[in-house]
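Listed below, chain by chain, are the residues.
2 protein chains.
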Amino acid sequence: MVNEKKLDSIIQKIHESGYDGMLLYDIKNIQYVSNYKPTSIAFCILKENPVIFTSKMDMENAKNTSEITLKEYESIPQVIKSIKSEHDKNGTKNDINSGLLIEGSLAFNIYDKFKQDFKIKQSDILEKERMIKTKEEVDKIKTACNIAHKSLLDLDILKKQEESFSELMASYELGMLIRENGGSEESFNTIIATGKKTSLPHSSPSKEKMKQPILVDWGCKYMDYCSDTSRTYTYTEKEAEIEVIVLEAYNTAIKSVKPGKKLCEIDKVARDIITDYGYGDNFIHSTGHGLGLDIHEKPNVSKNDQTILEKDMIITIEPGIYLEGKFGIRIEDTVHVQNKGKVLGKLKPILN
Amino acid sequence: MVNEKKLDSIIQKIHESGYDGMLLYDIKNIQYVSNYKPTSIAFCILKENPVIFTSKMDMENAKNTSEITLKEYESIPQVIKSIKSEHDKNGTKNDINSGLLIEGSLAFNIYDKFKQDFKIKQSDILEKERMIKTKEEVDKIKTACNIAHKSLLDLDILKKQEESFSELMASYELGMLIRENGGSEESFNTIIATGKKTSLPHSSPSKEKMKQPILVDWGCKYMDYCSDTSRTYTYTEKEAEIEVIVLEAYNTAIKSVKPGKKLCEIDKVARDIITDYGYGDNFIHSTGHGLGLDIHEKPNVSKNDQTILEKDMIITIEPGIYLEGKFGIRIEDTVHVQNKGKVLGKLKPILN
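Each protein sequence line maps, in turn, to chains A and B.
Once you know that position 207 of the first sequence is 207 in the UniProt record's numbering, the rest is easy, because the numbers rise by one and skip nothing.
Once you know that position 293 of the second sequence is 293 in the UniProt record's numbering, the rest is easy, because the numbers rise by one and skip nothing.
Careful, some of the hints might be misleading.
If chains are identical, the list can't say which one is meant, so a pair holds when it fits in one copy or spans any two.
35 angstroms max Cα-Cα, derived DSBU-like pairs, lysine-lysine [claimed, not checked]: (1) K63 with K258; (2) K340 with K56; (3) K63 with K342; (4) K150 with K211.
No wet-lab data here; the hints were simulated from the structure.
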């Protein structure tokens, strides 16, 4: 949960936009404002006196974790009726008259039920607030990076490769090390791609024996906050040649990170280098993304993201070159925006 | 992917509802109709000649898995423009004039962009089709159940408890066994709850040593299809007394499964038994849910679900009693609706 000061600032922004409250349905948004992580349907009405509607099944869990007023969720009509006729402790009517902000991610069939009764407007207040991390959030992400990095070193993947481990079992052992080292779980399904499959940026680990090269894209959660790192172990001269280009794009992009720059400018720095070497068409994804409670959050380090970098954003920088049917190389780190970009963790970008 | 016959029947139903096509954004819906499992943004326009818009990053993967025509996704305006001005091989105009069906789960901000250009209507065609499993789907779910069950027996959780394993490490070892036994991954984060925490239906495994009783709710995926099972190991007389009640509700609910019944009637069978014993308020969730590519699919075995059971639906039956601050007991199996309900897998409902 963010601190009370930040919560007050969010509620103030809701009011400044001319609305009484905001409907939260996204699990991570509810966790962000309340510390309660729903495991079943839940709604938070974020307003002067916020209230969370949660399932009977989750009530004990919610009581143990959140300080926000709880009500048992029965149905959407019940939620609507309740927030339309609410009174505070002093008997003052405290309902939602001016309308309700909603998240962009809200499912159509839920929007459709609320829109009968409220003036509705989509708002990115939560996404924007979550972009700027508090000191506590930065510390958690940094710890997650350190745990993830130590776990990869503990895994000794080159030895696993010699021992004919499958991609699946190597990724599974990495997960065990993450837990032993203090992480709670992977922040996404670990990618261990080897051989030709490294040219698929989102390959799934298979039961086949590990081949060469080896691309690992992995992360863990520490107190619900995510890390995200990629490393590639190269073997041939051609692979090493491509690796040097990716490394130059990675280093230059990280050096270009500072408050005031646009995210699309950071993407351009990495993309221009790779394009100059003739591999522009082989850099088939964005240069990076924000992360926090979710593994992908705003902003994007992409061609089209005009967001301006601010202090205490945390983004990944992950240039890659993918040669279909041959191999792919990616180097990725998690970067904290201070006066310049600071890589979280101390794992060298090239490990073999 | 479902078979071609089923795909044709879905497209026919779209036309019967007076629309030219349906916009699919849900990853599992796209996988269901195409066999391609998106790892990044993707849209499928399901129509006479379906087309999938996929990211550059996913293109190689999509080409390898799907037979549906692929286009590279650039932006939503590009998708809109493309499907508004499409011609088939013979030059016949083949665009979406009559409007576009959407999924209930579609994010508001995507709906909002399409609604400018199309008459939009929410449809549950895909949800309804996915409720009725093909023989291939049933076989995959059955195999997933068998792998999951064997893995729990291999784990020997009572020994792990004696050896002072933590809930987290026991659940992790169960995951490894699932992979060794032929599953690809867990179908959801394994719940191993012990001691008082068994009263939280969705407890997360902690690093604390395992206590008594032990509740395990776990499943695996086999060829992308999910299993879902729960077992509770009881120790005290009081726990055994509650277990007998849950078992009666479980057995009677399964016996009541047959085509033609309403889902809410099945829920009532289990709920009435537990209520008769005085624990109605302690059965704090629904009796079950559908499953398939997703761990939770339609229909729900709940108070409010009026859906009528049909042959080849697959649902869970999972009554439970939760005594806050004391303990909880749940017994769950995956049930295939034939002329009567057939439990998938052969694991005894009570294991100690």
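Discussion item. I'd like to know which numbered hints this structure contradicts. Please list them from smallest to largest.
Written reply: Structure breaks hints 1 and 3.
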